Every structure is written in structure tokens, then in C-alpha cells.
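Asker: Take a look at the letters that make up each chain.
2 protein chains.
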Amino acid sequence: MSLVIVGSLAFDTIETPEERREKIVGGSCTYCSLAASFFTSPKIVGVVGEDFPQETIDLFKKRKIDMQGLEFAEGKTFHWEGLYGHDPNQRTTVRLDLNVFADFKPQLPPSYKGAELVFLANIHPELQEDIRIQFTNPEWMAMDTITHWIENNRKSLLGVLKRCHLFFCNDEEIKLLTDEINLLKAGKKILEMGPAYVVIKKGEHGALMLGKDFVFGVLAHPCEEVIDPTGAGDSFAGGFLGYLDSVKKVNEQELRKAAVFGSVMASFAIEDFGIERFKSLTLPEVRKRFSEFRKFVTF
Amino acid sequence: MSLVIVGSLAFDTIETPEERREKIVGGSCTYCSLAASFFTSPKIVGVVGEDFPQETIDLFKKRKIDMQGLEFAEGKTFHWEGLYGHDPNQRTTVRLDLNVFADFKPQLPPSYKGAELVFLANIHPELQEDIRIQFTNPEWMAMDTITHWIENNRKSLLGVLKRCHLFFCNDEEIKLLTDEINLLKAGKKILEMGPAYVVIKKGEHGALMLGKDFVFGVLAHPCEEVIDPTGAGDSFAGGFLGYLDSVKKVNEQELRKAAVFGSVMASFAIEDFGIERFKSLTLPEVRKRFSEFRKFVTF
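In the order they appear, the protein sequences are chains A and B.
Mapping to my numbering: the first sequence position 116 is 116, numbers consecutive.
Mapping to my numbering: the second sequence position 285 is 285, numbers consecutive.
What the hints contain is simulated information worked out from the structure, not anything from laboratory work.
One thing to keep in mind: the hints can contain errors.
The list cannot tell twin chains apart, which means a pair is met if one copy fits it or any two copies do.
Below, computed lysine-lysine pairings styled on BS3-like, alpha-carbon distance capped at 27 Å [said to hold, decoys possible]:
1. K105 / K295
2. K288 / K188
3. K64 / K279
4. K185 / K295
5. K188 / K61
6. K212 / K185
7. K202 / K189
8. K249 / K155
9. K185 / K23
10. K288 / K257
11. K155 / K288
The structure presented is a predicted model; accordingly, all values stated were derived computationally and were not measured.
Pulled out of the complex, with its shape left as it was, chain A reads as follows (with noise of 0.2 Å):
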């Protein structure tokens, strides 16, 4: 199959309880494409400012995704700015600004078009829609999306989830977007509004992943130490994606597997600041938990 990632790359300033770090590489598309690298070469869509680092640039190079679809525009890059609290799971906006995201209006290559499988990361659902209709066929339409948009944007939103294949949300998002408490009742709500898989990652609590006859839950890594937790929810898009796109196939055994991998590189994304644990990750580490993970729940 063949891999598009759309979504952004951001300055990131992170604080938690420990640490603040000023402006570091952030954004979905990063995170998600650099998760998906271990498993295939994933084409990324986004836009980057004159300040973005060519450090990064020049780690996408080496991980081998392809940046045909990245535009580099003039301005600043996009910056968020979040506050995480004692309890990783609570965080808070501080400050967002758009920067050269606020005019991207991407235009596909055309090699990237026939894509079997997409993930339109979080970013308005509009520029989601605009994106989506570029594709001529894609077989695994999936997508993500934040409170933000479920709040101020739903009626666009459900337009895009109608038309996707997989949707990827966390707990909170899921109850909101559902008015649905229990995890499993606000699934199947979603999986009647158009898609036939949800994944409903629930933090130091696993996830959960539903498909008309099935339900399956992954546990997340037993972890001592998070240190940054941004970027996890897209990490776990990445692997779970980047799995899929390598098995050339889409069924509830692999579906299953790409969830754990989805764990596996959520889990090594929060064990350092913004992208730094990505740099270097090595393939055996990553076969390495995914055998843990199944050790882990092994009875």
C-alpha cells in the first residue's frame, strides 16, 4: 500500500511539573510520520515555515518520508504552546498561533493521489474535507481530531467521519462528540455514524479498538517515567498505520497488531521531550516492546 499523512508541523513549548522546553519540533504530521518510518515510507502533507529546523528536515531524509507534499512557506511555523499537570493525562493550551497554517491549502502531488491509506491527523475538519476529496480512491480513509473541533466545528467534523474507514480519538473526545459515557456504547454510536473501525486511545489506560464484531484492547507499557506526553495520540496513529501499510492488508488479525504497535510507539514518544526519542530508536527496540506488550498481557 502506499501512506499519506496529513496534519501539522509546529514549534511545541512544553511545560510540565519538571521542565519547560521553549519551541521544540512538534506537530501530528511529525510525530505520525516519524512513528510510521519504522514500519514503511510514509509521503507527508503540511506546511513548515523559514524557521523550521533542517535538522528535522534532515531526519525525515534519513527515515525516508517523503516530503513532496510538505510545503515550505514563508512566515513562522505553526506554534502551540501546552501546561501539563502532576497528572500527564490533564494538559492545557496556553497559546496557538496558526502562523503559515492559517493560509495552507495544500494541493496533493499527484504521486500521492492514489493512496490506499490516509490519515488526516488533527487539523480543522474543513481543511480535512479539502484534502480528502483530492485522494481518487483511497481504500483506508482514517483521521483524528480534539475537543476544538467536536465543539466549534461539529457538523464539518461528522461530514468527514462519515466518509472514513477508521477514526482515532481519546477517551474525552469520544464522550464528547457522543454524549456517551461508557466507552463501548460511544463506540458503536461511532462506528453507525460511518466508520467501520474506532480506536479510542485512553492514555496510561491502553486503548481500545472496536469493528462491528469485534472489540479488542491494548494496555499501554508499563512506564516509570513520562516525561513529555505530547505527541503520544499521534505516535500511536503512526505505528498502528505504518504496521498496516507494511502488511498490505487490513483485517481484524492485523488490525489487532497495528494497535499494539500503535502502543509500542506511543510508548517511546513519551519517554523523552518533543521528537528526541524517535532519533534514536532503532527497529530491534521496536520488535523488542511490541514482544513485551505480549508478555505483558500474556495468561
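Based on the hints, put chain B in the right spot on chain A.
Answerer: Then chain B, alone, in the frame of chain A:
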């Protein structure tokens, strides 16, 4: 082996957002012994008043629960009243009448003293200690507690904990007891306090078990309707210890299965108010759900 369960037999008044039930049978010993009775014939230690229903005594008999250690005292049975929010993990104690429990000073029947497996369910830690020392040579001493004793009787609690091999707690309790928000770190701290194993129950998110050399995670059964969360933790302990007693050995492999059987029994307990579900439950249903747990996490 032989399993003795020490704890409360009670009337519970329970209010959920949907329904209120007045004075239905509950108590840690009740839930735990009923859950354990699907695997073994537990012996119980506790006290009831003159108002305790014969129907429940008959149920205990039917389920082959040994009641030699059950005291029938003059006065009223212990009564607890609790209120649940929309989130079943949120519970408030509205009222507590100790009644016959206030003067409970149990003397173990001679046939109980040689038990290899003992569970000190949630009661005052000093009472736990008084009972603990009556056992001649228990191979496996397990205990549970609640935040109330951690806050008000920490010293006595730590004394019992030091002598126990297996500690059951929930996430809130272990965080309070260890002053550590990370469950893995918190669990390791407990292992330094005495127990060889700690089981951290996380409600709808399942449970985490730690030993010196391993970590095991079990998810909660995906459940669309939590009718009454009361007794889930005690039923978990009952399934866990009942299974261990039935296989007559304690090792990592059996402990993993025990944790799953714990989750299985907890998942049944919450399907109806009080102990209702255990009245109709059958062993084939228990086995079927155990298989479903395996399928739920298999990849």
C-alpha cells in the same frame, strides 16, 4: 489448599444515578466468598446481626461456603450507604452504622487456623492484625484496605502490610499509601514494604499486578452497562484467591490466570445490584467469560 476470607457482611443502601436500593445484602466477605465459591469452598470469618436474611445464609450453604467462623450476634447487621456519580468510579459514603461490627472480636474456629491461604478483606487494620496472628502458618496472607484506614490508621496498616504476601488495593489507595502518582513506581514501593505481590485494581481500566520479576496487566471486561459497582474489588479478590486455592499453587503463571479470574468475577458482580448476579451465575458462564478475556487481548 484451604482459603479463609475475613471481612464484613453487611446491608448496603446504594444509590446510582438510575436507581436506589435500600438495605440489600453486601459486605467485603460476602462478595469475596461468593466469587471464590465458583472455584473452591471458602471458609468465612465475620459477624451478622439478627436481621441478616436467611435467604443469604441458604445461598452460602448452596455455594458450599463454610460458615463455622460466622458469628450470629444480637443486634443489627453492619450497614453502609453509598452514592455513585455518573462515573461509576466515583463513590461517596453517605452513612456507616457499625452495629454488631463494633464489638466484633473474632476467635478462629480450630479448623480454620491451619489455612494456607488467608484473605483479610477491608476491615480495621488492628482487627486484621488480631485475626492474622491466630493463623498458625499461612503460606499466603492477602489483604485489602480502604483510604479511610490509610488516612487514619496508617501505622497499624503498615504493620499488617509488612506481614502480608499479597496486597490488593485500587489506584486511589496505592497513590495515597505510597505518595506516588505513577502506579508502577507505587507498586514497587509496596513490594519494598513486605508483600511479594501487589494487585492494583483500576475499575473500568482493569488491573496491574507486580511481582519482583514481572508486571502483568489485565483489562476489565468491556461492559456496556454498569448497574452497581459495589463489591467489584472484593469479587476480584474472591475470583483471584478462589482460583489460586483451587490450583493449589502460587507461581507467576497461576497468578496471571488468577488476576484474569478476578477480573471475570468483578465483571459479573457489576452486572446487577448487590450479590444478585452471583445467585444465577454458573461455572460455564465463568469459563466462557475467561475465554472472552483471552480473545479480547489476543494479537
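Asker: Would you mind marking each hint as holding or not holding in the structure?
Answerer: Now the hints, each set against the structure:
Taking CA atoms no more than 27 Å apart as the test, K105 paired with K295 passes in neither setting, with 46 Å inside one copy and 44 Å between copies. With identical chains, the CA atoms of K288 and K188 are at most 27 Å apart between copies only, with a shortest distance of 23 Å across copies and 33 Å within one. In this assembly of identical chains, the alpha carbons of K64 and K279 lie at most 27 Å apart only when taken from the same copy (13 Å versus 60 Å across copies). For the homomeric pair K185 and K295, the shortest alpha-carbon distance between copies (19 Å) is at most 27 Å, but the shortest distance inside one copy (29 Å) is not.
Proximity of K188 and K61 under a CA criterion of 27 Å is satisfied in neither setting, with 40 Å inside one chain copy and 42 Å between copies. For the identical chains of this complex, K212 and K185 are intra-copy neighbours only, at 12 Å inside a copy versus 38 Å across copies, given an alpha-carbon limit of 27 Å. For a Cα distance limit of 27 Å, the shortest separation of K202 from K189 qualifies both inside one copy, at 18 Å, and across copies, at 25 Å. In the homo-oligomer, the alpha carbons of K249 and K155 never lie at most 27 Å apart, since the shortest distance is 32 Å inside one protomer and 58 Å across protomers.
In this assembly of identical chains, the alpha carbons of K185 and K23 never lie at most 27 Å apart, being 39 Å within a copy and 31 Å across copies at closest. Taking CA atoms no more than 27 Å apart as the test, K288 paired with K257 passes in both settings, with 14 Å inside one copy and 24 Å between copies. Taking CA atoms no more than 27 Å apart as the test, K155 paired with K288 passes in neither setting, with 43 Å inside one copy and 42 Å between copies.
Checked against the numbered hints given earlier, the structure breaks hints 1, 5, 8, 9 and 11 and satisfies all the rest.
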